[in-house]
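Chemist: Could you build the full structure based on these sequences and the hints that come with them?
For the record, the sequence lines run as chains A and B.
If you read the first sequence in my numbering, its first letter stands for residue 1, the second for the next number, and so on.
If you read the second sequence in my numbering, its first letter stands for residue 1, the second for the next number, and so on.
The set of hints was computed from the structure by calculation and includes no laboratory data.
There may be inaccurate statements among the hints.
[As the list claims (entries may be wrong)] Computed beta-carbon distance windows for the label pairs:
1) 21(B) / 125(A): 26 to 36 Å
2) 127(B) / 278(A): 26 to 36 Å
3) 80(B) / 57(A): 23 to 33 Å
4) 614(A) / 281(B): 46 to 56 Å
5) 593(A) / 258(B): 52 to 62 Å
6) 316(B) / 57(A): 36 to 46 Å
7) 10(B) / 122(A): 29 to 39 Å
8) 55(A) / 211(B): 38 to 48 Å
9) 593(A) / 21(B): 47 to 57 Å
10) 53(A) / 127(B): 16 to 26 Å
11) 53(A) / 195(B): 39 to 49 Å
12) 53(A) / 316(B): 23 to 33 Å
13) 201(B) / 50(A): 56 to 66 Å
[Said to hold, decoys possible] Where chain A lies over chain B, by a calculated footprint (3+ residues, C-beta under 8 Å):
14) 40-50
15) 255-262
16) 278-289
From the three backbone atoms N, C-alpha and C, an ideal C-beta is built for every residue, glycine too.
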Amino acid sequence: MSDRESSPGGGRPRNPEEERTEDPGRADETAGGGSAEGSLADPRIGLVDGSQGSNSRDFQVVLDPGAHVQLDELVAVRTELPGGGGGRGGVESGSGGESVGGNQVTHYGIVTELRSRFEGADLPSDTARVVDRTMPAEHIRLAEVRVLRVVPELFVAPSAGAEAMKAVGPDRSAALFEDEMKKGKLPVGLDMGGDPVYADMRFVDGRSGGHFSISGISGVATKTSYALYVLYQLLETDAGMALLGGRAERENVRALVFNTKGEDLLHLDRPNSEFPARPGVRAQWRALGVDDPGPFRSVRLHAPRRPGVSGSVPGVKSRDTADVHAYGWTPEQFIRDELLQFCFTAEDDRKTQIGFIEQQFRIQLLRHLRRLEGGESGAVVILPTVDEKITYDPERLAAREPEAVPAGAGHPMTDFGDFVDFTEQMANRDDEQALKLWFGRTTSGTRQAYVRRLLRLRKHIGPLIGCGLTPVSAENARLHVVDISTLHDDAQRFVVGSLLDRVWREKQGTGRMPLRFVVLDELNKYAPSKGFSPLKELLVDIAERGRSLGVLLVGAQQAASAVAPALPRNASLKVAGRLDANEADAYRFLSRSLRERASRFMPGTMVLSQPIVPEPIPLRFPFPPFATNPEEAAADEARERERTESIMANLGAMSGSGAGL
Amino acid sequence: MHPPTRPPFIGVEPFDVSHGAGFLATEEDQHTVECRVIEDGGNFRIHRPRGAGPPSRLAFVDGVRRTEAHLTRTDREGGTIGGVAGAWGAGAVLIGPRGPASIAEVETGRAVIFGGGRRVRLRPHPGGWRWLSLAVDSEEPHAAPQHLQRLMRDTEAEIADRLCAREWLVVFDGPLHSIRRSRTTPVVGYVKTHHRRTLAIEHWTRVPRLGVGERTSIFVMKDDRYACYIRVGDSGPWASPWAGIARIEVPASSGADRAIRSMNRAARWIPSFASAAHRDARAPVNLAPVARLESHLHHLLGDSRLALRAVREAVLQRNRNHEQNRGPRHNRHPRRNREE
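Modeler: This is the structure we're talking about:
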């Protein structure tokens with residue numbers, strides 16, 4: 001028919017079905033080969049949906065029948081701009097605006113949702129008809145894509161009908177802004193496809209930003225594991241160390257990790273016995289640039305001394321006491337480091353005048369401080385009176401080396417109990433002048449409350465203060481694990497406050513390098529969203545100013561809403577694992593769909609938001625090569641015991657044979 | 001469900017009023033031709049075909065057309081001839097041996113058709129609209145729209161022929177006599193409305209007793225096709241007796257054996273494609289694949305408002321060019337527009 005022959009390309013709307021299915025019987029036979037080719041050789045996944053408008057922030061891709069696309073995959077779409085020119089968008093032309101005159105832009109996006117439906121079925125019951133093959137319909141799959149980046153930076157919508165490609169190779173790097181990470185990039189995990197995702201080092205080391213905020217339900221969110229993964233990348237790999245500055249700066253980098261649960265983190269220096277049995281885990285580490293994953297090599301372990309035992313024996317069960325340093329403070333350090341302030345950090349302490357008394361008392365202690373002559377190291381004497389002209393400035397007082405006096409010169413102190421007794425005596429004095437000096441103008445009721453509080457703390461904080469104890473020192477290792485799991489909440493806050501205060505004071509005025517990382521779980525306990533305490537003030541100060549001083553907080557919490565807002569707000573890198581569905585409001589950096597997904601995340605899946613990538617990227621991190629609890633270290637321990645026993649047996653045999661000779 | 005047996009009773013025609021009545025056959029129509037039953041020794045029976053399995057290699061072919069603009073052409077003497085701009089489309093729904101039912105073989109076209117044997121050419125519109133320029137000799141006002149209908153039917157017939165040649169059982173939506181060309185291939189015509197009584201009255205009155213999946217004995221219509229009645233679906237207890245009844249036809253040229261085979265298969269398979277009353281005004285006889293194909297074809301023809309606008313713009317452009325080329329100043333392209 002001559003009419004029809006001339007019509008193709010005429011008024012005839014394009015219909016892809018015509019070319020595709022002449023005969024379903026035949027089409028079926030070739031379908032296998034066709035789809036395999038579509039997924040491997042050709043990165044094309046489909047076309048930008050023209051039935052729903054696209055915009056500069058998000059668009060929809062109608063997927064090709066053979067395309068395999070899942071959530072979080074990265075997509076590139078090239079759009080021709082009207083009014084040509086010679087330039088090309090995309091990675092070849094680099095980032096920035098130099099090729100604005102070009103006629104092509106590339107949109108990079110991430111798949112945020114996938115849909116599937118029968119086109120042509122408009123009632124639910126149509127589905128059965130389509131499946132029964134009594135109604136024709138086309139199976140349509142759609143991918144919703146959120147734009148991450150446009151290169152060059154022209155905010156236009158991707159053209160309807162433009163080809164959407166999987167972003168691979170240079171496109172993938174561009175989609176994740178890797179070309180912008182010129183000052184170093186840290187592998188922070190693997191995307192869902194198993195390719196590494198990087199964070200801009202400028203936002204890790206404090207140059208442009210710092211601090212990690214890791215959120216998620218405990219148990220399934222693997223917050224601590226993720227923090228350790230990041231530390232491992234930084235401290236135990238050559239590539240990570242290279243990011244930490246020059247040689248001296250690298251050698252002096254320190255990380256302080258608080259162990260809050262069991263004795264889990266006291267085994268980081270041992271290989272993980274479950275690691276070899278994990279399939280594919282070595283390949284994952286290799287993808288992240290680690291060819292030979294193993295335990296942390298530069299580690300020191302610290303635990304509070306065993307309660308009820310004099311001397312410094314660490315209170316640990318799963319490790320040899322020789323491996324662990326028992327930490328504590330001498331009375332002199334307690335006073336000169338002004339640690340009294342970290343004794344009063346509980347919720348109800350902040351509502352009363354106790355903080356005021358503490359401040360007054362702390363300064364008077366410094367003013368009246370003397371060393372005990374001939375006593376144990378760290379023992380002090382508090383003089384009954386001192387010259388009124390002595391300064392009240394705590395910093396100058398603390399810097400002063402106290403003179404040694406005999407025990408009879410005042411009130412000697414060798415442990416926390418002595419201090420509590422002294423406080424009680426002072427509070428009960430009739431000397432109006434002395435009371436005003438030590439307690440300010442407070443009523444006797446307030447003073448008694450203060451003493452009662454201290455009496456209660458005697459049991460919890462007492463063991464941490466004593467003569468001959470040494471505090472946690474940052475010497476001799478890059479990673480320092482401080483066990484606080486066995487301590488009461490008050491004592492935990494005391495230890496965290498004391499150590500952070502020390503790190504913070506040391507870094508004042510020394511500049512950003514070398515860096516100090518502090519890993520602290522249950523941040524809500526130390527810097528709760530409501531109330532006020534010296535510890536919270538310190539943490540907020542670190543969050544706000546720490547990045548320029550090189551003190552970088554890797555904080556973790558179950559719910560960001562329970563933490564002082566300044567902490568998550570100042571964190572450049574926000575990471576979330578499994579989230580509590582009720583907590584969604586605190587995670588505005590996640591899109592709604594991602595928040596919903598995050599409430600179902602499996603252990604090991606996190607989502608990372610970093611400043612230069614406008615959308616959070618879901619990622620996974622590999623199983624650790626180091627033991628993260630005693631069970632994982634068990635095999636290693638058994639091996640060690642075996643080795644020791646065999647040595648002992650050999651020794652025995654030798655001595656036995658020696659005796660025989 | 002069969003209609004109540006105790007007369008008199010009232011029934012509701014299944015068709016929506018906008019489609020007209022489905023049953024129009026009066027008992028005393030002068031055009032009534034009582035057809036000869038060729039099966040069962042000339043006796044009228046009801047059969048329930050068996051076997052054949054689930055539908056496989058079954059095709060439904062249908063087309064749509066749309067008049068998008070009425071046009072006129074006025075000559076120097078003031079005489080005016082009518083024409084149309086319109087589009088048509090045809091295609092098939094294929095139910096293959098496996099896989100989903102799919103729409104295929106789709107063809108669409110768009111044309112400007114004038115009576116009086118004069119073609120008028122419109123230049124393609126930048127929005128993608130293009131028109132064939134066609135002419136019919138007749139100057140009757142209906143000639144041009146009828147030609148559009150013809151174009152659609154021809155396209156349908158071509159598609160049906162192609163599929164028949166590939167051994168598909170083709171169900172063509174409409175009576176076979178509307179196909180100009182395909183009277184020789186074993187296409188099954190599917191007729192939803194009953195305008196004329198075709199059987200002796202005693203047989204005719206038994207047709208509504210058909211159950212779903214049954215067919216009547218085969219009879220010969222006008223010596224060129226075999227036909228029988230089938231019940232496509234249950235129209236509900238309120239329905240008229242003829243609601244849900246359709247006639248299927250096969251060209252006689254395909255031979256009685258082949259015709260019976262085709263009709264048995266069609267009678268078994270077609271009821272599963274009956275449409276549901278809540279979604280089709282002509283349920284159950286308007287088959288679901290056909291309804292879907294029609295809506296798909298309409299969709300492919302594009303937006304009718306845009307089509308009208310494109311015609312207007314193309315006509316305006318043509319008249320302007322015509323005017324300019326005649327004027328002395330713009331006579332730079334003397335060879336253009338010689339064709340009207």
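Chemist: Does 16 to 26 Å hold as the CB distance between residue 53(A) and residue 127(B), or does it fail?
Modeler: Because 18 Å falls inside the window, the suggested range holds.
Chemist: That 23 to 33 Å hint for residue 53(A) and residue 316(B) (C-beta), does it hold up?
Modeler: Roughly 30 Å apart at Cβ, these two residues keep to the hinted range, so it holds.
Chemist: Taking 8 Å as the C-beta cutoff, is the stated coverage of the segment 255-262 of chain B by chain A satisfied by three or more residues?
Modeler: Per the Cβ count (0), the hint is violated.
Chemist: Confirm or reject the claim that residue 80(B) and residue 57(A) have a C-beta distance inside 23 to 33 Å.
Modeler: At roughly 55 Å between Cβ atoms, residue 57(A) and residue 80(B) fall outside 23 to 33 Å, so the hint is violated.
Chemist: Between residue 127(B) and residue 278(A), does the beta-carbon spacing fit 26 to 36 Å?
Modeler: 60 Å, violated
Chemist: If I claimed the Cβ atoms of residue 21(B) and residue 125(A) lie 26 to 36 Å apart, would that claim hold in this structure?
Modeler: 28 Å, holds
Chemist: Note whether the CB distance of residue 10(B) and residue 122(A) lies within 29 to 39 Å or breaks it.
Modeler: Given a distance of about 33 Å, which is inside 29 to 39 Å, the answer is holds.
Chemist: So does residue 614(A) sit 46 to 56 Å from residue 281(B), Cβ to Cβ?
Modeler: 51 Å, holds
Chemist: Does the Cβ pair residue 53(A), residue 195(B) satisfy 39 to 49 Å?
Modeler: 48 Å, holds
Chemist: Mind taking a look at whether chain A covers the segment 40-50 of chain B? Criterion is 3 or more residues with CB to CB distance under 8 Å.
Modeler: violated (count 0)
Chemist: Is it true that the C-beta distance of residue 593(A) to residue 258(B) lies inside 52 to 62 Å, as the hint says?
Modeler: 58 Å, holds
Chemist: Would you say the C-beta atoms of residue 316(B) and residue 57(A) sit inside 36 to 46 Å of each other?
Modeler: 40 Å, holds
Going down the numbered hints, you'll see the structure goes against 2, 3, 8, 14, 15, while the others check out.
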